[in-house]
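Asker: Sequence:
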Amino acid sequence: MVSPVSDGHGGWKGPGSWTQEQLAHLAGINLTALDQVDIQYIADYADTWLAGVAPNQPLRMDADTLAPKLGPDTFPGALAAWNAIT
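Just so you know, the working numbering puts the end of the sequence shown at 111, numbered straight through with nothing missing.
Mixed in with the good hints there might be a few duds.
Quick list of simulated restraints, FRET-style, between CB atoms [claimed, not checked]:
id: 1; residue 1: 89; residue 2: 46; range: 30 to 36 Å
id: 2; residue 1: 64; residue 2: 38; range: 30 to 36 Å
id: 3; residue 1: 106; residue 2: 67; range: 23 to 29 Å
id: 4; residue 1: 64; residue 2: 44; range: 16 to 22 Å
id: 5; residue 1: 62; residue 2: 38; range: 20 to 26 Å
id: 6; residue 1: 107; residue 2: 63; range: 26 to 32 Å
id: 7; residue 1: 61; residue 2: 110; range: 36 to 42 Å
id: 8; residue 1: 90; residue 2: 59; range: 20 to 26 Å
id: 9; residue 1: 60; residue 2: 106; range: 22 to 28 Å
id: 10; residue 1: 57; residue 2: 95; range: 29 to 35 Å
id: 11; residue 1: 38; residue 2: 102; range: 31 to 37 Å
id: 12; residue 1: 36; residue 2: 103; range: 37 to 43 Å
id: 13; residue 1: 67; residue 2: 109; range: 28 to 34 Å
id: 14; residue 1: 64; residue 2: 34; range: 22 to 28 Å
None of these hints come from the bench; they were simulated from the model.
Even for Gly, the Cβ is constructed at its ideal location relative to N, Cα and C.
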């Protein structure tokens with residue numbers, strides 16, 4: 026899930042070093058992306074997510090804050106939870 030994060034002042038920003046413009050571009054990419062630039066955006070965002078910088082898609086979240094109500098808030102958190110039960 027492509028998602029902004031809180032900027033700590035009541036607004037939104039891209040996760041980590043992602044700008045709002047980069048996040049908007051990524052969110053607008055067609056799922057059948059063929060352009061190398063678009064493919065690189067997807068790969069870069071995936072790396073950001075795997076590193077725990079971009080938020081994980083929760084099972085349930087607060088619609089106003091995008092904070093998870095159910096489910097880990099990062100991929101490393103989800104992986105740790107999975108490894109704890111396997």
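Asker: The structure should be examined with respect to each hint, and the outcome stated for every one.
Answerer: Right, here's what the structure says about each hint:
1. Here the CB-CB span from residue 89 to residue 46 is close to 24 Å, at odds with the stated 30 to 36 Å.
2. A hinted range of 30 to 36 Å is violated for the C-beta pair residue 64 and residue 38, which are about 24 Å apart.
3. Checked against the given bound of 23 to 29 Å, the beta carbons of residue 106 and residue 67, roughly 25 Å apart, stay inside it.
4. Hint check: residue 64 to residue 44, Cβ distance near 19 Å, so the stated range 16 to 22 Å holds.
5. Checking the proposed 20 to 26 Å range against residue 62 and residue 38 shows it holds: the Cβ atoms sit about 22 Å from each other.
6. At about 30 Å, the beta-carbon gap between residue 107 and residue 63 stays in the expected band of 26 to 32 Å.
7. Distance hint check: the CB atoms of residue 61 and residue 110 are about 39 Å apart, consistent with the given range 36 to 42 Å.
8. Judged by the Cβ atoms, the range 20 to 26 Å given for residue 90 and residue 59 is violated: they are separated by roughly 36 Å.
9. For residue 60 and residue 106, the Cβ-Cβ distance of about 36 Å falls outside the hinted range of 22 to 28 Å, so the restraint is violated.
10. With their beta carbons about 31 Å apart, residue 57 and residue 95 fall inside the hinted range of 29 to 35 Å.
11. For the hinted restraint 31 to 37 Å between residue 38 and residue 102, the CB-CB distance of approximately 21 Å leaves it violated.
12. One distance hint, 37 to 43 Å for the beta-carbon pair residue 36 and residue 103, is violated here, with the actual separation near 26 Å.
13. Between residue 67 and residue 109 the beta carbons are some 30 Å apart, a value that agrees with the proposed interval 28 to 34 Å.
14. A beta carbon spacing of about 34 Å between residue 64 and residue 34 contradicts the range 22 to 28 Å that was offered as a hint.
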